Amino acid sequence: DAGVIQSPRHEVTEMGQEVTLRCKPISGHNSLFWYRQTMMRGLELLIYFNNNVPIDDSGMPEDRFSAKMPNASFSTLKIQPSEPRDSAVYFCASSLTSGSLFWEQYFGPGTRLTVT
Amino acid sequence: SQELEQSPQSLIVQEGKNLTINCTSSKTLYGLYWYKQKYGEGLIFLMMLQKGGEEKSHEKITAKLDEKKQQSSLHITASQPSHAGIYLCGAVTNTGNQFYFGTGTSLTVIP
Chain A
1 DAGVIQSPRH
11 EVTEMGQEVT
21 LRCKPISGHN
31 SLFWYRQTMM
41 RGLELLIYFN
51 NNVPIDDSGM
61 PEDRFSAKMP
71 NASFSTLKIQ
81 PSEPRDSAVY
91 FCASSLTSGS
101 LFWEQYFGPG
111 TRLTVT
Chain B
1 SQELEQSPQS
11 LIVQEGKNLT
21 INCTSSKTLY
31 GLYWYKQKYG
41 EGLIFLMMLQ
51 KGGEEKSHEK
61 ITAKLDEKKQ
71 QSSLHITASQ
81 PSHAGIYLCG
91 AVTNTGNQFY
101 FGTGTSLTVI
111 P
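Chains as they are written, first to last, in this note's numbering: chain A, 1 to 116; chain B, 1 to 111.
Next up, chain A with everything else stripped away, as it sits in the complex (with noise of 0.2 Å):
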């Protein structure tokens, strides 16, 4: 298996543009998670995802934000509009889950967004 792919990689856009991240999981993993990484807050879960359903959505900025998962192998995590301080690298990943337990995550590479 190829592991958790997202792209782009990188993302360099001006304020006020709309920005998709997209993020293929590991085939057979029910579970979807968006993070979000800086220096100054660390890792953050934006929202996850359970059987393509959304379960929490509560770490999602504001109304800017929002997150989608048509199917079992694709997801995109949106931004309209962009602004700088949304400038971070955000992680895809995708694991098993049965009930209330998490197995372990498997992280994409990220995407480093810088907006300008």
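It is possible that part of the hints are untrue.
[To be verified] No more than 30 Å apart at the CA atoms, straight line, and that leaves these computed lysine-lysine pairs for DSS-like: (1) B:LYS38 with A:LYS78; (2) B:LYS38 with B:LYS17; (3) A:LYS68 with B:LYS36; (4) B:LYS17 with A:LYS68; (5) A:LYS24 with B:LYS17; (6) A:LYS24 with B:LYS38; (7) A:LYS78 with B:LYS36.
The set of hints was computed from the structure by calculation and includes no laboratory data. Just so you know, these numbers come straight off a predicted model, no measurement behind them.
Fit chain B to the known structure of chain A by using the hints.
Below, chain B without anything else, positioned relative to chain A:
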């Protein structure tokens, strides 16, 4: 995350030395996970602990979850430069289906 505090924040050790990283939660942990992150890369899973008193080892890394399930320690024996990176603990607490990561510990091993 304020739910999980790690100590120390950073650590610099000489190659061959032993070291310990701690992860403390204010809530009971349903599951405790240790990850390692190399600078600029994604996280790599190391170990998962569920039961109070449980201890697991992988090569020279040992992790333990205390009996009250509110603290975990990660111990590295005879550290090597390949152990360098950021170590993060992650946990599911008893407040529901929420997953948190700790503040991270940056480890530097000097050859």
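Results for each hint:
1. Of the pairs offered as hints, the one joining B:LYS38 and A:LYS78 holds, with about 26 Å between alpha carbons and a cut-off of 30 Å not exceeded.
2. With a C-alpha separation of about 20 Å, the suggested pair B:LYS38 and B:LYS17 falls inside the 30 Å cut-off, and the hint holds.
3. Taking the CA atoms of A:LYS68 and B:LYS36, the gap is about 28 Å. The hint holds against a cut of 30 Å.
4. Proposed proximity of B:LYS17 and A:LYS68 is contradicted: the alpha carbons are some 46 Å apart, above 30 Å.
5. Proposed proximity of A:LYS24 and B:LYS17 is contradicted: the alpha carbons are some 40 Å apart, above 30 Å.
6. This hinted pair checks out: A:LYS24 and B:LYS38 have alpha carbons roughly 22 Å apart, not beyond 30 Å.
7. In summary, the hint linking A:LYS78 to B:LYS36 is supported, as the alpha carbons are separated by about 27 Å, within the 30 Å threshold.
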